[in-house]
Amino acid sequence: MDDSGISNRLQSVYSARDNRELASSYDEWAEDYEDDMSSLGYAIPAVAAGFVGRYVPLRGTVLDAGAGTGLFGSILRVLGYEDLVGIDISERMLEKAGEKNVYHGLHRMVLGEPLGFDGVSFSAAVCVGVFTTNHAPPEALDELVRVVEPDGWVIFSVRDDVYRKGGFEEKQASLEEEGRWRRVTMSEAFRPFPSGSTSHTNRLFVYKTR
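Going letter by letter, the sequence shown gives residues 1013 to 1222 in the numbering used here.
Check before you lean on any hint, since a few could be wrong.
Claimed, not checked - Between beta-carbon pairs, the in silico distance windows are:
#1 Val1090 <-> Ala1185: 15 to 23 angstroms
#2 Asp1039 <-> Ser1207: 21 to 29 angstroms
#3 Pro1162 <-> Leu1070: 18 to 26 angstroms
#4 Glu1181 <-> Ser1211: 29 to 37 angstroms
#5 Glu1103 <-> Pro1149: 19 to 27 angstroms
Please keep in mind that the hints were generated in silico from the structure rather than gathered at the bench.
Quick caveat, the model's predicted, so the values are computed rather than measured.
Glycine included, each C-beta is placed from N, C-alpha and C at the ideal position.
Let the hints inform the model, and build the full structure from the sequences given.
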């Protein structure tokens, strides 16, 4: 797909009015998603992998929240993380992820709604490229903290303008004030699509649960 086609795909997911439209847009994109993102130099998975490798032990179960086609899960598997569970809003994306055979479980769940993991604790939850325009809300962080065991890790990217204007700055601070997690580090701002025409930036955050 050429750059204009990829831009149209991005615009389609960024302009989704509700979760149904968002899921439909990703269902339609699933077949070409990885090739398209690669052509834009999609950087978030590589940056996130560095932070996961630095902080998260190889033992334990890692939740890939917003797993998509399994792009990031494949990277985690190469790094030695063998017990991976993925969730995503798009059934077709999950089908593509399943073809990679790197996850022990894949489930359709919606970030921002209650996650169906009662009595399950993960050693870490990683959310890559999901907290962006018209995607998962900051309230999704409550559930990620809930399903991660004490002294576990929540590592995620947030688009900078969404962090400032979309309630993430306040939500992240609130969870820290409540004693539910503490910030360990935050990356410098970086462009998620260095080969594309978009100029927005993202950051990675690392929190340890309490």
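Practice task
Of all the hints given earlier, name the ones this structure violates by number, lowest first.
Solution key: 1 and 4
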